[in-house]
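K.L.:
Given the coordinates of chain A, work out where chain B should sit on it, guided by the hints.
If you're matching them up, the sequences are chains A and B in order.
Sequential numbering from 6 applies to the first sequence in the working numbering.
Sequential numbering from 6 applies to the second sequence in the working numbering.
Misleading hints may appear alongside valid ones.
A pair holds if it fits inside one copy or across any two, identical chains being indistinguishable in the list.
Simulated crosslink set (DSS-like; lysine-lysine; CA at most 30 Å straight-line) [what the hints assert, rightly or not]:
hint	residue 1	residue 2
1	K115	K204
2	K425	K97
3	K275	K351
4	K186	K199
To be clear, the hints were calculated from the coordinates, so they are not data collected in a lab.
One-letter residues, chain by chain:
Protein chains: 2
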Amino acid sequence: MLRKKIKDILNSTEYGSLVCIKGWVRSKRDSKNVAFLAINDGSIIHNIQAVVDTPNFPEDYLKDVQTGACVCITGSLVQSQGKGQSVEIQAKTIEIYGTADPETFPLQKKGHSLEFLREIAHLRPRTNTFGAILRMRHAMAFAVHKFFNDKGFVYVHTPIITGADCEGAGEMFRVTTMDLKKIPVADGQVDFSKDFFGKETSLTVSGQLNGELAAMALGEVYTFGPTFRAENSNTSRHLAEFWMIEPEVAFNELEDNMNLAEEFLKYLVKYALENCKDDLEFLNNLYDKELIQKLNFVVDNNFIRLTYTEGVEILKQSGHKFEYKVEWGTDLQSEHERYLVEKHFKKPVILTNYPKEIKAFYMKQDADGKTVRAMDVLFPGIGEIIGGSQREESYEKLLNRVRELKMNEKELWWYLDTRKFGTAPHAGFGLGFERLMLFVTGMSNIRDVIPFPRTPQNAEF
Amino acid sequence: MLRKKIKDILNSTEYGSLVCIKGWVRSKRDSKNVAFLAINDGSIIHNIQAVVDTPNFPEDYLKDVQTGACVCITGSLVQSQGKGQSVEIQAKTIEIYGTADPETFPLQKKGHSLEFLREIAHLRPRTNTFGAILRMRHAMAFAVHKFFNDKGFVYVHTPIITGADCEGAGEMFRVTTMDLKKIPVADGQVDFSKDFFGKETSLTVSGQLNGELAAMALGEVYTFGPTFRAENSNTSRHLAEFWMIEPEVAFNELEDNMNLAEEFLKYLVKYALENCKDDLEFLNNLYDKELIQKLNFVVDNNFIRLTYTEGVEILKQSGHKFEYKVEWGTDLQSEHERYLVEKHFKKPVILTNYPKEIKAFYMKQDADGKTVRAMDVLFPGIGEIIGGSQREESYEKLLNRVRELKMNEKELWWYLDTRKFGTAPHAGFGLGFERLMLFVTGMSNIRDVIPFPRTPQNAEF
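Here chain A stands alone, though its shape is the one from the complex:
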């Protein structure tokens, strides 16, 4: 008999029809001559209740139908007597695919701490919380692709293994096939000519530079792939491996870039509100009572746009006592960003034109010689969710900046070539996918919004 998904059955009104479901027992409640099973198959956060007249089944057999077991149940769809569900199944047959010994199965009926669930990341997708998060992660990833596809952007797979540390964005993971016990060293230097790629290679920290190459041909492109930071940070905001979305658009200037970022974020949040209702309600109730309200806040408000310099002035004159002092020329801390968003403007904020010293070499220099056409989008509860800029399109200015910063200009020849041949104004930004996931799920630890987190001392599963 053809299996139906629980998601579809819960919306069915074909009472009396025979149905077949397959899924995992979330809980079992025994009463006199009857047992109530809550079955979940991952298609939706809600369980369907199967009512079992126990005398109709061998006692020994039903003993194995426990929390965690996988079963196939056929029976009639009936209107539910209990509250909380509209339909249930009056079980006729139960086939057990797999048991779960209550002595050893770690996920019993009672709630578990998020910390404990991180230790069993291979099983946590079987909980309501992680079911909801993973379905929402899918929805957000699909919304990213749909947004750009509908606009005519081209998805570009930028390389993961890279020969260049061009962003200088912190520590990188090295990639090698050399025998670590016999590393060839010559003149005190590792001889990478013996390595797989014949040179030193690392895991990428950003697809942007390659994205720019593609934008200078295809016009509008985006990347969506894994990026890596070997930062030894054990915080609730850091992952060694995370996913980034980086659009890059030829002929866009700073204002176009802000418009795109605002439209993009509103689209994603709206998509979540419209497509993830059940999961959002669950997360709203269990983790963040203001979650749905916060999402509507982003959709309903225009983002405030001001310069970094103006932002610093507001913070200085706020009279608010910050842990870190605000000073023109220094990077803003999360507390400053959140003050602007949550206290001062009560709206999402885009800060622009940051001091060039605290921003990357490729950003377009302003005429004043002090600032660059950077933009950071700041969100409530999160702080910076997007960072981007218009890019420096002048070959001379870019080359000068590379030299000022003593970067390896020989290694960057291919990037510099984009400015040498048919250069054009262009702009782009990066959205950390897990930052977005924190925002739309209301979770507070980044390890809980990626299926298998990679952090210092942790690459299990």
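P.N.:
Frame of chain A; chain B shown alone:
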């Protein structure tokens, strides 16, 4: 003035209207008092022609409007006099964003060999061929996500950095943050406790095992991410870094798996035929005159399904002289696969139930003790395009196989747990994205269907 994409303008019939385009000069043809510019902006393979009455512009200025330069042109949209295009632009203003010195710009008007273009992978997206390939790559990636999203699958980001070599699928790249000049060695072994993750880690060769964890909770999942092989092969079929799509479905058995694979491939090929007409026609004309015919062949034919054993019999009795001899128990070579598809059946073929010795440990064992529920989908010109199987869901049988093969069962505890707790029949497969791209573009070298190929001695750009 708001820029329009060339794709949209070429379909416009608003003759006489003023338009603005931005893009790169593909060629310039001078005639008396008039110059013809072919402009491309990446939105479509076709150029738009801009007609320039040269006496209206300073001579010095027009000299810089050369092949490769980036320009912004405004002018009236007029019906084209020439052949090959319906509309053109009578230029009123030309702004040069970036020049391209004809002495050094490598992409001149004439055709370039694919080999040469690989040396300048940072610029090759600006050619017709790579524009077409990259737009098609986008279309195929989007079709993958749309296919699964529409069916209710959940996209799972499986980890890139992994602590386990479970597939045993060839050489792996090691990931480390240790100083290669000072690798700590104890008792002849590298001491990985000092490394970032506190253990030996590599780049993943497959997301399948993690995908199975998710399928045992969410039901229907898929991965789509980069995978890696450190194989020292300099062939037209090998990449060190490539993208894989791996669906995994709880409650599916071998036949469901075949149905899903066939439906999926037909969907993708049909999507290409319907959404990439211009690019396909270009590639058909330039690279493979039978390309579109081959794509229709896949959409129009039911895939032939037979066992490996039956396939071997056919090959043995074919009388065909193969380079490698066919023998039950050995892996089929591409020549054998292609013989079955192209000569014998003249249809795509799915071979099933391979000898267990030549397939992975996790495949479900057949009752005969000799074969496993594997399936390979074979395509014309390509050979194997999909490999998959029903998975062994019995804890005991899986554990025995792990022990038989002397695999590290302690490292696999989390994978074995899926069979210990609520196990279920399930099945899945892997589609190498670049294999698909070879098929739908008609290209013959895998380095030409990924933007920035990674191969031995090659991690430039």
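K.L.:
If any of the earlier hints don't hold here, list their numbers in rising order.
P.N.:
Checked against the structure, the only hint that fails is number 1, while the rest are satisfied.
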